[in-house]
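First to last, the protein sequences are chains X and A. Counting from 378, one number per residue, gives the positions in the first sequence under this note's numbering. Counting from 560, one number per residue, gives the positions in the second sequence under this note's numbering.
Simulated from the structure, these hints should not be mistaken for lab results. These numbers come from a predicted model, not from an experiment. Any given hint could turn out to be false.
Looking from chain A toward chain X, a few residues come up when the C-beta cut is under 10 Å (computed) [stated by the list, open to error]:
1) ILE582
2) TRP592
3) LEU600
4) GLU607
5) VAL631
6) TYR678
7) MET680
We treat Cβ as the ideally placed atom computed from N, Cα and C, and that holds for glycine.
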Amino acid sequence: MTALPLHILDRPLAAPTAESAQPDSERALVHEAQSGSETAFAMLVHTHMRRAYAVARAICATHEDAEDAVQDGFLHAYRALERFRPEQAFAAWLNRIVANAALDIGRRRKVRDADSLPETLSMPQFDPSERSELRGRLTVALEVLPDRQRSVLVLHDVEGYTHGEIGTMLGIPEGTARSDLHHARASLRERLRDLWSER
Amino acid sequence: MKMEPRIGPDGRDDELTRALRAIHAPPGGEAFWEGLERRILARVSANEEDSWWRQLSRWRHGLAIAGAAALVMAALVAQHSNHARSLAAYREIESSRVAPVQVASETEREASRDVTLRYVMGP
Numbered sequence: 378m379t380a381l382p383l384h385i386l387d388r389p390l391a392a393p394t395a396e397s398a399q400p401d402s403e404r405a406l407v408h409e410a411q412s413g414s415e416t417a418f419a420m421l422v423h424t425h426m427r428r429a430y431a432v433a434r435a436i437c438a439t440h441e442d443a444e445d446a447v448q449d450g451f452l453h454a455y456r457a458l459e460r461f462r463p464e465q466a467f468a469a470w471l472n473r474i475v476a477n478a479a480l481d482i483g484r485r486r487k488v489r490d491a492d493s494l495p496e497t498l499s500m501p502q503f504d505p506s507e508r509s510e511l512r513g514r515l516t517v518a519l520e521v522l523p524d525r526q527r528s529v530l531v532l533h534d535v536e537g538y539t540h541g542e543i544g545t546m547l548g549i550p551e552g553t554a555r556s557d558l559h560h561a562r563a564s565l566r567e568r569l570r571d572l573w574s575e576r
Numbered sequence: 560m561k562m563e564p565r566i567g568p569d570g571r572d573d574e575l576t577r578a579l580r581a582i583h584a585p586p587g588g589e590a591f592w593e594g595l596e597r598r599i600l601a602r603v604s605a606n607e608e609d610s611w612w613r614q615l616s617r618w619r620h621g622l623a624i625a626g627a628a629a630l631v632m633a634a635l636v637a638q639h640s641n642h643a644r645s646l647a648a649y650r651e652i653e654s655s656r657v658a659p660v661q662v663a664s665e666t667e668r669e670a671s672r673d674v675t676l677r678y679v680m681g682p
């Protein structure tokens with residue numbers, strides 16, 4: 378048996394998130410938003426929505442669900458703004474809320490799927506614009522991964538979050554995040570093995 | 560199958576990561592972000608209009624000032640009406656300085672007594 382040529386990132390390509398660093402300008406914005414300024418909150422939305430979407434997309438199975446989760450997350454954050462403490466990192470606080478919204482949507486979807494016809498279950502959603510076989514195979518491989526493992530894999534390998542940050546976002550211990558990542562990689566490696574060995 | 564991921568010196572699999580990133584990329588480029596931002600803000604605004612307690616919270620300073628002003632006004636009105644009442648009572652007393660009936664009758668009685676006394680004492 379040859380060594381598997383597939384090695385998912387041991388280290389993330391994306392730059393690590395500097396969520397602990399909170400510039401004074403952002404602190405001031407958060408303070409203004411807490412005082413009721415909609416303009417300040419709009420600026421916070423503008424600054425953080427891309428990262429929030431990435432977090433939601435890592436957790437949700439579809440783009441539409443991720444979009445809903447981002448909207449829910451920002452709405453929850455707005456409602457909870459008065460409880461935000463200035464010593465916290467706003468991005469980390471927001472991402473946790475968005476991650477919770479995404480997990481909620483995932484749970485609701487599972488309930489809905491359980492009620493729907495069996496034929497519609499586990500049908501891979503192929504993007505018509507799929508250009509590469511790798512991407513198509515990867516999409517299928519990701520779909521069969523347990524939700525949490527998929528989330529951890531994407532948050533770590535694509536978005537560059539640390540195990541600790543992922544654990545905080547998903548509400549799991551850091552060690553569990555580490556172990557999920559290991560299993561997710563192993564599963565993908567196994568499922569994509571023939572892709573690399575057909576050569 | 561011709562594809563094989565490039566494996567970097569540190570074991571990274573850039574191609575697989577690119578594919579993962581492509582799968583999770585948002586559709587529509589910049590227009591998507593603009594639309595998402597609008598939708599988020601619209602939902603927050605709708606929530607803002609719905610929640611009366613937030614409206615109340617926003618107007619609490621104004622309401623407090625209005626309440627204080629109303630209290631001051633009420634106190635002034637009460638003071639004014641009290642003063643007016645006192646003034647009316649004073650004027651009523653002032654206007655009825657004419658001798659009361661009893662005093663008047665007493666005076667008549669004294670006068671008649673004086674007449675009787677003069678008659679008796681007179682020559």
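Results of checking the hints against the structure:
Here the hint on ILE582/A is kept, as its CB sits about 6 Å from the closest CB of chain X, short of 10 Å. Using the Cβ-Cβ criterion of 10 Å, the hint placing TRP592/A at the interface with chain X is satisfied: the shortest such distance is roughly 7 Å. Against a cut-off of 10 Å between C-beta atoms, the interface hint on LEU600/A holds, since the closest Cβ of chain X lies about 6 Å away. At a threshold of 10 Å, the smallest CB-CB gap from GLU607/A to chain X is about 7 Å, leaving the interface hint in force.
Annotation: interface hint on VAL631/A violated; nearest CB of chain X at approximately 27 Å, more than 10 Å. The interface hint given for TYR678/A is violated, since its Cβ lies 98 Å from the closest Cβ of chain X, which is over the 10 Å cut-off. Using the Cβ-Cβ criterion of 10 Å, the hint placing MET680/A at the interface with chain X is not satisfied: the shortest such distance is roughly 98 Å.
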